[in-house]
Amino acid sequence: MGSSKDQLLVRLKELQIDFSQYEHPVVLTVEAQAKYVGNKGGALSKNLFLKDKKHRYYIVSALADTKVDLKVLSQRLGLGKGGLRMAPEQALGEILQVPLGCVTPFALVNESARHVSLLLDQGIKTQERCFFHPLSNDISISLDAHGLDKFLKSTGRDPSYVDLEANPPVGKDQPPDLAAFIPSGSTVLPDLPDEAPASQDSTGNHVSAGTKSAAVIAKAVKPSGNVQNVKEKPVNGARPSIPSANAGKFVEELLDKTSTLLLSEISEDSIKQHGGQLGTEVVNNIQKCLREDLKNLATIFKNTAYTEGFYAGIHYQPKRL
Amino acid sequence: MEKKEDQQLQQEEEQVVNPWEVSAKDGGKIDYDKLIDKFGCQRLDQSFVDRVQRLTSRPPHVFLRRGVFFAHRDLNEILDAYERGDKFYLYTGRGPSSEALHLGHLIPFMFTKYLQDAFKVPLVIQLTDDEKCMWKNLSVEESQRLARENAKDIIACGFDISKTFIFSDFDYVGGAFYKNMVKVAKCVTYNKVVGIFGFTGEDHIGKVSFPPVQAVPSFPSSFPHLFSSKDDLRCLIPCAIDQDPYFRMTRDVAPRIGYHKPALIESLFFPALQGETGKMSASDPNSAIYVTDSAKDIKFKVNKHAFTGGQESIEKHRQYGANLEVDIPIKYLNFFLEDDAELEHIKKEYGAGRMLTGEVKKRLIEVLTELVERHRRARAAVTDEMVDAFMAVRPLPNMFD
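One line per chain: the protein sequences are V and S, in this order.
The C-terminal position of the first sequence is numbered 321 in the working numbering, with every residue numbered one higher than the one before it.
The C-terminal position of the second sequence is numbered 1401 in the working numbering, with every residue numbered one higher than the one before it.
All the pointers check out, no bait thrown in.
Here are the computed distance ranges between Cβ atoms for each label pair:
1. V:Asn-167 <-> S:Glu-1014: 26 to 32 Å
2. V:Thr-260 <-> S:Val-1182: 53 to 59 Å
3. V:Lys-153 <-> S:Val-1173: 40 to 46 Å
4. S:Lys-1034 <-> V:Ala-180: 40 to 46 Å
5. S:Pro-1224 <-> V:Asp-293: 34 to 40 Å
6. V:Ile-286 <-> S:Glu-1014: 48 to 54 Å
7. V:Lys-249 <-> S:Ser-1047: 42 to 48 Å
8. S:Asn-1137 <-> V:Tyr-316: 40 to 46 Å
9. V:Lys-302 <-> S:Ser-1047: 33 to 39 Å
10. V:Ala-180 <-> S:Pro-1397: 46 to 52 Å
11. V:Lys-257 <-> S:Lys-1034: 41 to 47 Å
12. V:Pro-318 <-> S:Tyr-1178: 28 to 34 Å
13. V:Lys-54 <-> S:Lys-1034: 37 to 43 Å
Bear in mind the hints are in silico, worked out from the structure with no lab data behind them.
Computed from a predicted model, the values in this text were never measured in an experiment.
Glycine included, every Cβ here is placed at the ideal spot set by N, Cα and C.
Work out the full structure: start from the sequences and follow the hints.
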């Protein structure tokens, strides 16, 4: 299981990071947190846990009043306009190992969050101290950016601060300026079913109220229960073994396709309709429908066999004289 | 003499079509007649389609039947030569600027595969990783990586490895290829290239000297390992019409250095899901259907983002019918629905208001899902070793079989 808040606090002390801690009833939103620690000399932070379409995760940690526009961020990361959305509730527990309402950069101490990318608001550096939850939302700690950096470095990360409110143009000649924040490690995390994403901080608070952003969050996403291996995207770096041109398999595929089509062509109706001519009729249809498909299968087979031969050729050892 | 292209017009009044930007006038539709006129190429009429059918003894590709490939230069010469028994080779390419390919990217490759099969001719495919490195400010390694990734999707379109050579500029430029580049470069003044491509004093010299790279694959002597004994071989280039400037320049230069002018066969732009204002954009995931989209994604995108010509209410729709001019599902079906009769039926019923937008979209979703699924299966069979084989500088002894 992930680190507990006590383990974290011990670690902070070991690292000689200066922080103040305040216990309070469980809070789920920045407003609620403000009630207890708003006047304690530290700026409040809002923390978003986001996910992109390729199942990569991000924590955006910002001052409570910094405007964060998911659309803009998505573009600056190079994910297009609608590439970022709030991560589903399940991911909070599985990846960050924190409860709802408790997203915090400190969650990155957990192994499971190894590949989560962190975007820090440069506004944090302007504050004397800033409040975060140390893995539990019944306690808030305040520390300065220097202390936060020390902690992050201890997890092996290189903290880097970004102007989250900036909106630089992204286009053909201006590459996305935050592209370096895309996690590079291949995510071997399970494909979490897309459920209605949880709002981790109170709604009006974190995202600039552009209607499009609301649409991003409110979009009803159907569970990916239906259909297949369609979601399988090859993980970067995982190399499939060289498939061999297997004549048996190839013939089976051809026969499969033909049989399926044949069966669909021969029914009570079609027998009634064509009688003795059914054979000719079916053959014509098969040829028409299957010709291209079978040719494509054959081309794949040919290309695979050629590749095997090519590979053998370039690795061939000439006879010794 | 060909109509020479003068200054690329940047005013808002005119539509802009060049290899790096495509936009219609006032955010409207691209005027293809004007484009053909301005560029100076010819319309591809039905007589050509019939002739291709006769010469290849097979039904013409759906893109030809539907006027997707609608313009050409010197296609008649290629066909004349072919009839005489003189073959040709195909040349097409891709600028690997992103990993995600969408259906618009596949169009020239789908058509080129048909041409390869129908005419039984070899093909060279150029991956302009250097161009993207320069224009998109990618690192050399990244553009090379993207080139290889894109090559896999290209191979998945079904090209025959015994007749196809894929190359990336970073790998292949040099030797005979480079000699031709210099020959071409010597024939194009700085002013000329500025006139054609709109370069300015601020553009770096990499951009200015790039055009010959895309020009010389049109000449068989650029590929000595393939065409060493065939200096006379003609070249046919299937491409989208925004690439025309490169080849206008090439055709201008070719006779001056003793080569045949390459012939071209050019396609329309594939409209974005949200409507016909220009090309699909790789940076907006909802403007296009990607080859990595799941069935769910396709359904969602078509249902939520496709711009339709249907009326606002069912009653109005039944009364007035749909506006087929702007309806994206109809346009997409025009590209991808093989059955002519079915398409006609849908157009008729939808235009009259008897068929609803939902039904048209449903049919489109079926067609696209099948297409993407087939592509994905083929893509899964492409390995790095296969890419190496396609990209190896090797002889292709059976390329005309």
